[in-house]
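Number of protein chains: 2
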Amino acid sequence: MQIREATEIDFEEIWKIFHEIVSAGNTYAYPQNTSKEEANRLWMHLPRKTYVVEEEGQILGTYYIKTNQGGPGSHVCNCGYMVSSKARNKGLATSMCEHSQRIAIELGYKAMQFNFVAVSNDGAVKLWKKLGFDIVGRLPMAFNHPSQGYVDALVMFKWLET
Amino acid sequence: MQIREATEIDFEEIWKIFHEIVSAGNTYAYPQNTSKEEANRLWMHLPRKTYVVEEEGQILGTYYIKTNQGGPGSHVCNCGYMVSSKARNKGLATSMCEHSQRIAIELGYKAMQFNFVAVSNDGAVKLWKKLGFDIVGRLPMAFNHPSQGYVDALVMFKWLET
Chain W
1 MQIREATEID FEEIWKIFHE IVSAGNTYAY PQNTSKEEAN RLWMHLPRKT YVVEEEGQIL
61 GTYYIKTNQG GPGSHVCNCG YMVSSKARNK GLATSMCEHS QRIAIELGYK AMQFNFVAVS
121 NDGAVKLWKK LGFDIVGRLP MAFNHPSQGY VDALVMFKWL ET
Chain B
1 MQIREATEID FEEIWKIFHE IVSAGNTYAY PQNTSKEEAN RLWMHLPRKT YVVEEEGQIL
61 GTYYIKTNQG GPGSHVCNCG YMVSSKARNK GLATSMCEHS QRIAIELGYK AMQFNFVAVS
121 NDGAVKLWKK LGFDIVGRLP MAFNHPSQGY VDALVMFKWL ET
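So the protein sequences, as listed, match chains W and B. Quick note on this note's numbering: the first sequence kicks off at 1 and runs consecutively. Quick note on this note's numbering: the second sequence kicks off at 1 and runs consecutively.
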């Protein structure tokens, strides 16, 4: 397993993962019908960097890193991670999150923030806690879940060890 | 005093207020040296709508309203308010915030969120509380204040009454 920076050539595979996850509507703050062009902009161009997890030539996961708030907030980064359904429960999210924390420090960030984690996404909440993130905020009914309706969203935060 | 939608012609006056506030670096998550062109994009074009407070032909304040998170988060809006130093303590922020809540409902939003209120900005914190916003999150040392150094930033939230 290798984590490396994504190139435009990787986008075809990234799009499959992105579309699978975003069209489900239960984790990411993107419209379920986000187009391929918009996904390209959001995942490949708007962030500061985008990475892929590759195993035997297959792309199984991807993440981005970007500055969360400008100016007085620019020492805090934000990341988003996606794992292909083909590769769940293999520790890819953990590997990506740990990798992203190292990259964050390299890029000069001091902390990492997740702005919008649906409480219904137990797996993610549990994993981020295990990886040292604290729940620092709870947004009441801020996430409109496709089957559960309005559920709370969590803000999670970690100061990075340098 | 009148609150109305901003036009491009208003931007010269909006820029004076924007620059005055943003260059101080103690309230907004924009770089202190944000250019006029970037301010135009951020304040006039990126948001869904922008308003100005006008009194006797003078623009004394301005605010924007936009969707805070896409997809499953798109029922929550975000606003930013700026008052000229010439017009402080006249209730303009209150008027704009109340106005923005009515506009938010008209636009179909159900709640309003402020993502990044520096705790050092006592006046704002007190005012948003008075206007019904709850502190739902506290981001540790997420705001790099120009004189106080790293201070916490608050996330404030209000479900709107319809």
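Don't read these hints as lab results, they were simulated from the structure. Beta carbons: idealized from backbone N, C-alpha and C, even for Gly. Hints are supplied without guarantee of correctness; some may be wrong.
Estimated spans, in silico, between C-beta atoms of each pair [said to hold, decoys possible]:
(1) B/R88 <-> W/E20: 22 to 28 angstroms
(2) W/E56 <-> B/D122: 34 to 40 angstroms
(3) B/D134 <-> W/E56: 31 to 37 angstroms
Taking lysine-lysine pairs in the DSBU-like style, the calculated list, with each CA pair at most 35 angstroms apart, reads [stated by the list, open to error]:
(4) W/K16 <-> W/K126
(5) W/K110 <-> B/K90
(6) B/K129 <-> B/K86
(7) B/K86 <-> W/K129
(8) W/K129 <-> B/K129
(9) B/K16 <-> B/K49
(10) B/K158 <-> B/K90
(11) W/K49 <-> W/K110
(12) W/K129 <-> B/K66
(13) B/K90 <-> W/K66
(14) W/K158 <-> B/K49
Agreement of B/K90 and W/K66 with the hint, judged by alpha carbon distance not exceeding 35 angstroms
39 angstroms, violated
Checking one constraint from the list: CA of W/K16 to CA of W/K126, max 35 angstroms. Satisfied?
Holds - the C-alpha atoms of W/K126 and W/K16 are around 26 angstroms apart, at most 35 angstroms.
31 to 37 angstroms was suggested as the range; check whether the CB atoms of B/D134 and W/E56 agree with it.
50 angstroms, violated
Just to be careful, I want the Cα atoms of B/K86 and W/K129 compared with a cutoff of 35 angstroms; is the pair within it?
It is violated: about 47 angstroms lies between the C-alpha atoms, which goes past 35 angstroms.
Satisfaction of hint between B/K49 and W/K158, Cα-Cα up to 35 angstroms
With Cα atoms ~34 angstroms apart, W/K158 and B/K49 stay inside 35 angstroms; holds.
Pairwise hint evaluation, B/K90 against B/K158, where the allowed Cα distance is 35 angstroms at most
23 angstroms, holds
Please work out if B/K16 and B/K49 have their alpha carbons no farther apart than 35 angstroms.
19 angstroms, holds
Distance restraint hint 22 to 28 angstroms, applied to the beta-carbon atoms of B/R88 and W/E20:
Hint violated: Cβ distance 51 angstroms, outside 22 to 28 angstroms.
Is W/K110 close enough to B/K90, meaning Cα to Cα at most 35 angstroms?
Violated, because 39 angstroms separates the two Cα atoms, which is more than 35 angstroms.
Could you grab the alpha-carbon distance between B/K129 and B/K86 and see if it respects the 35 angstroms cut-off?
24 angstroms, holds
Compare the distance between the alpha carbons of W/K49 and W/K110 with 35 angstroms, and conclude whether the hinted pair is satisfied.
With Cα atoms ~17 angstroms apart, W/K49 and W/K110 stay inside 35 angstroms; holds.
Starting from the range 34 to 40 angstroms, see whether the pair W/E56 and B/D122 falls in it by beta-carbon distance.
57 angstroms, violated
This entry does not satisfy hints 1, 2, 3, 5, 7, 13, going by the numbered hints stated previously.
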